[in-house]
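Go ahead and model the full structure; you've got the sequences and the hints to work with.
Quick mapping for you: the protein sequence lines, in order, are chains A and B. Just so you know, the working numbering puts 412 at position 97 of the first sequence, and the rest follows in order with no gaps. Just so you know, the working numbering puts 371 at position 56 of the second sequence, and the rest follows in order with no gaps.
Simulated from the structure, these hints should not be mistaken for lab results. There are no misleading hints in this set.
If chains are identical, the list can't say which one is meant, so a pair holds when it fits in one copy or spans any two.
Here are the simulated DMTMM-like cross-link-like pairs (lysine to aspartate or glutamate), alpha carbons at most 25 angstroms apart as the crow flies:
#1 426 - 329
#2 399 - 381
#3 399 - 321
#4 399 - 421
#5 399 - 343
#6 426 - 323
#7 426 - 343
Number of protein chains: 2
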Amino acid sequence: MTNLVDLESIPPIDLFGEAVRARRVQGDNLTLAIVELAPDAIVPEHRHPNEQLGMVISGDVTFTLDGETRHLGPGGTWRILSMKPHEVHAGPTGAVVIDVFAPVRDDWDSKPRLEPRAPAWPTGS
Amino acid sequence: MTNLVDLESIPPIDLFGEAVRARRVQGDNLTLAIVELAPDAIVPEHRHPNEQLGMVISGDVTFTLDGETRHLGPGGTWRILSMKPHEVHAGPTGAVVIDVFAPVRDDWDSKPRLEPRAPAWPTGS
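Structure, rendered in structure tokens:
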């Protein structure tokens with residue numbers, strides 16, 4: 316197995332139907348996810364034992380974390396310690412974000428896996 | 316302390332002099348680093364116990380990992396298990412990449428910390 320892989324060759328996974336899709340690079344102890352949020356997609360408030368850090372790559376989101384709400388564009392980051400409630404609303408053009416988790420999100424193993432397809436970011440790839 | 320922070324307000328750290336600089340979002344169990352590589356910057360072969368996953372955001376790099384070499388542009392990813400040797404050469408216009416680590420890179424605590432400044436990516440922020 317190669318350990319140097321282009322995003323477009325990673326099959327996406329449906330996380331919340333078609334509105335929220337992720338590609339994963341899976342390590343032993345952490346998951347790097349590249350997540351595509353459709354325009355106006357909503358990730359409802361949830362929490363998980365996995366610690367989660369992340370950043371907007373393109374587009375914009377409104378993030379609510381443990382009682383704090385902020386509008387974030389490219390370069391906007393979040394830091395979600397274990398079991399902290401969080402909720403995300405994508406802006407009108409959608410968003411691509413990275414989310415990293417420790418330990419790995421092996422609960423995603425049961426999510427619907429799609430065929431490889433062109434990612435929403437980078438454009439023109 | 317806020318947990319929703321824009322990249323530009325995070326002070327960069329010199330990792331290998333001015334040629335390789337990083338901003339960190341630090342969790343309890345993982346580090347999200349946004350790393351700026353100057354044009355033609357070289358990160359010499361090294362290894363560390365921390366597992367490392369990452370992706371190119373802008374620009375391009377030539378990555379060598381455990382005997383495999385690939386040229387990677389935006390969306391190119393790597394998966395470096397604990398103690399695997401790796402080396403990176405930035406392209407002629409430099410690169411911005413994300414690197415995520417578990418456990419946290421607390422060995423960076425002793426690196427020179429700079430004043431907040433505009434990041435190389437996103438441009439125009």
